[in-house]
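Protein chains in written order, with full-length UniProt numbering: chain A, 1 to 165; chain B, 1 to 497.
Treat the hints with caution; some may be incorrect.
[Claimed, not checked] Here are the simulated distance ranges between beta carbons: (1) B:217 / A:105: 51 to 57 Å; (2) A:152 / B:294: 37 to 43 Å; (3) B:176 / A:81: 39 to 45 Å; (4) A:57 / B:457: 21 to 27 Å.
[Said to hold, decoys possible] Cβ-to-Cβ under 8 Å is the rule here; a few derived chain A residues that face chain B: (5) 84; (6) 85; (7) 88; (8) 92; (9) 95; (10) 96; (11) 114; (12) 118; (13) 122; (14) 126; (15) 130; (16) 152.
For the record, the hints were derived by calculation from the structure and aren't laboratory data.
All C-beta atoms, glycine included, are put in the ideal place defined by N, C-alpha and C.
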Amino acid sequence: MALVAALRRLAHVKLRDYSPRMAAVTSSVWLTGQRSFTSRTQCLRSDNKVTVNFINRDGEKITVKGSPGDSLLDIVINEDLDFDGFGACEGTLACSTCHLIFDEDVYKNLGPVTDEEMDMLDLAYGLTDTSRLGCQICLTKSMEGMVARVPESVADIRQSKDGSS
Amino acid sequence: MWKLYFFYGKNIKHTLLFQTSFVHVLIHDSVGMNGRGKAPFSSCRPKVCIVGSGPAGFYTAQHLIKARPDVDVDIYERLPVPFGLVRFGVAPDHPEVKNVINTFTQTAKHTCCSFYGNVTVGKDVSVGELQQAYHAVVLSYGAEGNRSMGVPGEDLAGVYSAKDFVGWYNGLPSCQELSPDLSCETAVILGQGNVALDVARILLSPIDILKKTDITQPALEALAESHVRRVLIVGRRGPVQIACTIKELREMVNLPDTRPEMVAADFEGVKDAVKDLPRPRKRLTELMLKTAMEIPGEKEQERRNNASRVWSFRFFRSPIEIMADPDNKRTAGIRLAVNKLEGSGDGARAVLTGEVEDVSCGLVISSIGYKSLPIDPSVPFDSSKAIVPNSMGRVQQAAGLYCSGWLKTGPTGVIATTMNNSFDTARSLVEDMDSGTLDISAAKPGSQSISGLLEKRGVKPVIFSDWEKIDSVEMSRGEAAGKPREKLLTVEEMLGH
Ligand SMILES: Cc1cc2nc3c(=O)[nH]c(=O)nc-3n(C[C@H](O)[C@H](O)[C@H](O)COP(=O)(O)OP(=O)(O)OC[C@H]3O[C@@H](n4cnc5c(N)ncnc54)[C@H](O)[C@@H]3O)c2cc1C
Ligand SMILES: NC(=O)c1ccc[n+]([C@@H]2O[C@H](COP(=O)([O-])OP(=O)(O)OC[C@H]3O[C@@H](n4cnc5c(N)ncnc54)[C@H](OP(=O)(O)O)[C@@H]3O)[C@@H](O)[C@H]2O)c1
Ligand code: FES
C-alpha cells in the first residue's frame, strides 16, 4: 500500500516535470510529492534569488523567492501559492487568470507589454492601468522586493459591494 | 481518523488536512479496481453530485474538494467523454485554451472525485433520484440548445446553427450527420460574438493550418473542398456594440490569405466616440477602425492584394427572411432589415428603418447565442431567461439543489468567467454545509444506489480511467495523422474502448 502511495506521488512529480506550468489550483493532497521536488531544485539554485511579495485576495502578504528568468506564474506554481484558479491556461496567453496589479513605479520596471498581452488583459476582472499578466513577466534582479497584488474575483467584488451598501 | 475529523468539524480541518487525505489515499488504494471502490467509511461522508463535466462542473468540484476535504464528489456526464465545450466548443486552432483540461484531470483523479460518463440526467436517472442519493446536487449541464432567429426560411438546406456547425467540426457525436454544403462562394454568419468569429476563421483558414489541429477528419476534408471565399459577419447593432473580443478580432485581421472588407459608412462618428470608451472596448474599436479605415502600409497592402479570401463585418442589419433558390430547396440569399440605433453605448437598441437589403449567399450560419434547456420537470426553470433561477448558485425554492456555469448565468462568458461563477456556487454550498442550512447529518448512499439504478436500466457508466483509454487511442490516431488528436466521432466507438 505504501508503495502504491509512493509511486503515485512519484507519478505526480513526473507529470509536473513535463508540464512545469501546471495551473496553481492543486490541493495539498496532490502537492505533497511536489513540495520536496521543488525544494530540492531550489537548494541547487538558491544563490541568485529574487524576493517577490504577493498580496493574496484576503490581503495577506506572502513573501517568496524566485530565480531570474522565472515568470511570476512559475513562482506561484513552484511555491504552491494557493490563488484559486490562477494560471488556467498554463502561461500560454489564453486566459487572463494570472492577472496581477502593481504599484506604478514597479509597473514601469516590468518591461514592455505586447499587443497580445494587452488583448488578454482586456478580459481580466478589475483591470487597472498598472495591471499585467503574471505569466508574461520574467523575473530580473532589478525586481528585488517587488509587490504583486492578486485582484479580487467578481464574486469578491460583488460581495464587498453588498457589504458596504 | 475520519470519525475524529467529522466530529471536530470545521475548526481543525486545516491541521488534519494532510493526515486525513493521506489516510484516504491508503484506504482508497486498498479497495476496488481502478480506485473506484468506495472506502469503507464513505457512507458517513457528505455526498455531492454534479451534473455535467464542462468547466462549470470541474471548477465546482475543484473548489468543493479543496474547501471540504471530507466531501465525496461524483460528476455525471451525458457523453462518454468529459470536458464539455472545452472539447466540443473551443476552436481546434486554440489548443492553449484547452490546457485547462490538465487541471480538470487532476480534479477527476482526486481520491474524493469520481466521473460517470454516458449517463444522461433527466433520462437515465432523474434529478429527484439524485437528490435522494446525495446531500446536494449541483446542476452544471451548460447550454445545449440555441436561440433561433424565428424568420421564414430558417429550415432551408444551407442554414445551420453555429452550435451544430461547431459541434460538427469539433466531433460532437450528435452533429456528425450535418455534413454542411460548402459549395457556395458566399457565407453569411448572423451574430458578431466570438463564436461567430470562430466559425468565420474555420471557414477561411488555410487548410495547412487546420490540418495540424484536432479538427475532425471529415470536417478537414470538407473544408479542403470548400468553395467559400467570402464570409460576411452580420450584426444588428454597430461597431461600438460588437460582441467579440479583441484577441479574436486580431486573429481575423492577421489570418493568412484573407483580407478585410468593410463598409466605411458603418464607422461614421465612431472615431469621436472612441476616446470616452473604457479600455477594452476602446482598444477593440481602435483595431476595427484601423482595419476598416486606414490605408495599409505597403507590405500589408500587398498581402491584402494577394489574398484569395475575404471577410467583412456588416453592421446595423437584422435577418428577416432566408430566400430559397427557384426550386425552393436551397438557400440562395438572405433579406436583411436595415437598422438604426436608439440610445448609445452598450445599451443601444436596434430599431428598424423600414429599408431592406438582399444579399446572395448559399450558406447561412446563425450564431446569435446558445440556450440552456430544462432537463427535468422537477427543477425550477426560468424560460424567459433560459436559466435555472438562483441566488449565488442556490436554486430558488429547492433546498439541496445548486447550479453553476452557463446554466446559472446564461450562455455568455469565457472559461475564466465560468470558473469564477462556479467557485461562487461551491462557496455557497460549503457555506450551507458549514452552517447546517444543508443537512448532512444523515448518511446518504451516493453513487452506490445510483449505480444500482443505472444497472437495472441497462446504462453502463464510463469512468475516468475508461476516458483515459479513449484519450490515448485518440492521441495515437492523431499522432499517426500528424495532429494532436483524432477524435472518436460516435458514442458507440467511444464505448468500444
Ligand atoms: C463555440 C464556443 C467556443 C468557445 N471558445 C472559448 C475559448 O476559446 N475560450 C474561452 O475562455 N471560452 C470559450 N468558450 C466559452 C466556454 O466554453 C464556456 O464558458 C464554458 O464551457 C461553460 O461551461 P459549462 O460547464 O457551463 O458548460 P459546458 O461546457 O457546455 O458543459 C456542460 C456539460 O454538461 C453535459 N450535459 C448536458 N446535458 C446533460 C445531462 N442531461 N446529463 C448529464 N450531463 C449533461 C454536457 O455534455 C457538457 O459536457 C466557448 C464557447 C463556445 C460555445
Ligand atoms: N475565444 C474565446 O474566448 C471565445 C470563443 C467563443 C465563445 N466565447 C464566449 O462564449 C460566449 C458565447 O459566445 P456567442 O458568440 O455565442 O455569444 P455572444 O458573445 O453573446 O454574441 C451573440 C451575438 O448574437 C447577436 N444576437 C443575439 N440575439 C440576436 C437576435 N435576436 N438577432 C440578431 N442578433 C442577435 C448579438 O448581438 P447583440 O449584441 O446586438 O445582442 C451578438 O452579436 C461569449 O461570452 C464568448 O466570449 C469565447
Ligand atoms: S496563465 Fe493564462 S494568460 Fe497567463
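Each hint tested on the structure:
1. B:217 / A:105: 51 to 57 Å: 54 Å, holds
2. A:152 / B:294: 37 to 43 Å: 38 Å, holds
3. B:176 / A:81: 39 to 45 Å: 44 Å, holds
4. A:57 / B:457: 21 to 27 Å: Violated, since residue 57 (chain A) and residue 457 (chain B) (Cβ atoms, about 45 Å apart) do not stay within the stated range.
5. 84: 6 Å, holds
6. 85: At about 5 Å, which falls below the 8 Å cut-off, the nearest Cβ of chain B leaves the hint on residue 85 (chain A) intact, so it holds.
7. 88: 5 Å, holds
8. 92: Holds - the Cβ of residue 92 (chain A) comes within 8 Å of chain B, reaching about 4 Å at its closest.
9. 95: It holds, given that the least Cβ distance between residue 95 (chain A) and chain B is near 6 Å, below 8 Å.
10. 96: 6 Å, holds
11. 114: At about 11 Å, which exceeds the 8 Å cut-off, the nearest Cβ of chain B leaves the hint on residue 114 (chain A) violated.
12. 118: Result: holds, 7 Å to nearest chain B Cβ.
13. 122: 4 Å, holds
14. 126: 11 Å, violated
15. 130: Since chain B brings no Cβ nearer than about 12 Å to residue 130 (chain A), farther than 8 Å, the hint is violated.
16. 152: Violated - the Cβ of residue 152 (chain A) stays beyond 8 Å from chain B, reaching only about 10 Å at its closest.
Violated hints for the displayed structure, listed by number in ascending order: 4, 11, 14, 15, 16.
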